[in-house]
Amino acid sequence: MTIRGEAPGRRAPAAAGDDLAGLLSRIAARDAAAFAALYRQTSAKLYGTVARILNRGDAAADVLQEAYVRIWERAGEFDPLKGSPLAWMATIARNRALDEVRRVRPGSLEDQPESFEPAADDVDPLAARARSEELARLMDCLQRLDDEKRAIVLLAYYRGSSREALARRFGRPVATIKTWLHRSLAQLRDCLAS
Amino acid sequence: MTITPDDDFAAAEYALGTLAPVERATLAARRLREPELDEAIRAWETRLAPLAEAAPEIEPPRDLLPAIEASIRAARPEAPSNAAVAALRRSLGRWRAAAIAASVLAAVLAIGFVAREMSRQSVPREYVAILQKDAASPAFEVTVNLDKQELTVRPVAAHAPPGKSYELWIIDAKLGAPRSLGVIGETSHAANLSGYDPVVVENATFAVTVEPPGGSPDGKPSGPPVFVGKLTPVEP
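Which chain is which? The protein sequence lines are A and B, in order. Residue numbering for the first sequence follows numbering that gives the first Met the number 0, starting at 0 and increasing by one per position. Residue numbering for the second sequence follows numbering that gives the first Met the number 0, starting at 0 and increasing by one per position.
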């Protein structure tokens with residue numbers, strides 16, 4: 000099942016070729032109208048994804064713009080067997096945001112204290128009302144991690160938190176965070192494969 | 000799959016986003032040359048991607064769509080003017096087909112290899128690389144003469160963004176951090192390779208970053224590479 004955007008009134012009528020996968024295949028054929036429709040249906044979701052990582056509106060807008068240019072360029076490469084259209088697009092957008100926030104530069108950001116929004120703003124996928132089968136399965140595996148370790152994975156995913164930021168937030172050495180990440184990710188991989 | 004457990008963790012952290020900047024840049028360069036690593040990163044992206052569904056929506060700034068549509072129109076690659084480059088591009092086709100199949104989401108970049116093999120003993124030792132952002136847009140042509148220890152880089156269809164400079168880097172594990180080969184002007188730029196082991200040069204990745212005018216202020220890339228490629232021997 001494909002989640003298109005949860006706000007009521009955003010959904011386009013379910014015409015043939017108008018779902019996200021259909022739009023992507025039309026975009027691969029350089030259909031500008033399909034691109035505009037795709038943007039209208041997905042931009043709030045993708046902006047929500049990159050803005051939480053970047054914490055700066057101008058950078059988030061730039062990254063969103065680059066992500067959609069890339070989606071336009073690569074629409075033909077979308078493979079429905081490897082996940083939903085939204086997951087594919089979000090991966091592109093998130094990677095761009097992470098490249099931005101993890102740029103190699105003097106006095107790298109990871110040395111700076113990272114400002115966190117209040118915990119209430121942190122995303123809780125368990126609270127998501129509509130879930131695809133893939134998300135339900137992943138959440139089932141995430142549920143098997145300790146609370147703290149699950150929170151670390153989710154903060155890294157949704158907020159782009161660095162190991163250093165996570166170490167500060169959880170009051171643990173960076174090496175511990177790294178070890179936990181590796182164990183949690185290995186556990187997730189094995190759980191998803193089972 | 001021949002990937003080591005350490006590399007799989009690195010791939011997992013790359014996908015999750017927790018790698019430190021230098022680790023991330025290193026892995027981004029390595030995945031271009033190591034299909035197993037690239038595949039591992041994709042597998043992790045696929046595992047984690049369903050989380051995106053649960054990200055609450057935030058309305059982006061208005062008027063972004065027209066800006067995106069304008070940059071899509073502007074991003075159409077220019078046809079290379081030079082017949083030699085056009086010939087190189089044609090020869091790239093077969094490699095690209097395989098590369099695209101193997102690396103559908105190739106991160107920021109796809110590498111351009113020139114798929115022409117040469118016999119080992121042929122001289123002079125000349126090499127060429129096409130640095131690309133994606134399969135359709137060659138941006139720079141790098142030529143290397145190992146006997147003369149000379150490198151020349153020439154823009155094919157690339158213009159630095161206003162107020163920025165393009166800078167060329169040589170990247171190889173044996174060199175540690177990326178090393179600058181200088182700022183690329185509008186025409187061409189030559190660099191001396193006498194300080195580099197020829198074997199390293201042959202196998203290195205060449206990358207172009209966007210830098211402040213005049214180049215990186217601290218001798219390190221300011222951002223991820225925007226164009227990447229590797230050398231391939233030129234037939235005599």
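Simulated from the structure, these hints should not be mistaken for lab results. Be aware that one or more of the hints could be misleading.
As the list claims (entries may be wrong) - Rough simulated footprint, nothing fancy, chain A against chain B, three-plus residues with beta-carbon under 8 Å:
no.	stretch
1	19-27
2	63-72
3	125-131
4	147-161
What the hints assert, rightly or not - Here are some chain A residues pointing at chain B (derived, C-beta under 8 Å):
no.	residue
5	A50
6	N54
7	Y156
Virtual Cβ for every residue (Gly too), placed ideally from N, Cα, C.
Going down the list of hints, with the structure as the test:
By the rule of at least three residues with a Cβ nearer than 8 Å to a Cβ of chain A, the coverage given for the stretch 19-27 of chain B holds, with 6 such residues. Only residues whose C-beta sits within less than 8 Å of a C-beta in chain A count toward coverage, and the stretch 63-72 of chain B has 7 of them, enough to reach three; the restraint holds. With 0 residues having a Cβ less than 8 Å from any Cβ of chain A, the stretch 125-131 of chain B misses the three-residue criterion, and the hint is violated. Beta-carbon proximity to chain A at under 8 Å applies to 0 residues in the stretch 147-161 of chain B; the threshold of 3 is not reached and the given coverage is violated.
With a cut of 8 Å, the hint placing A50(A) at the interface with chain B holds, because the nearest CB-to-CB distance is about 5 Å. Interface hint status for N54(A): violated, as the beta-carbon distance to the closest one in chain B is roughly 12 Å, over 8 Å. The beta carbon of Y156(A) comes within 5 Å of a beta carbon in chain B, closer than 8 Å, and the hint placing it at the interface holds.
In the structure shown, a violation is registered for the earlier hints numbered 3, 4 and 6, in ascending order.
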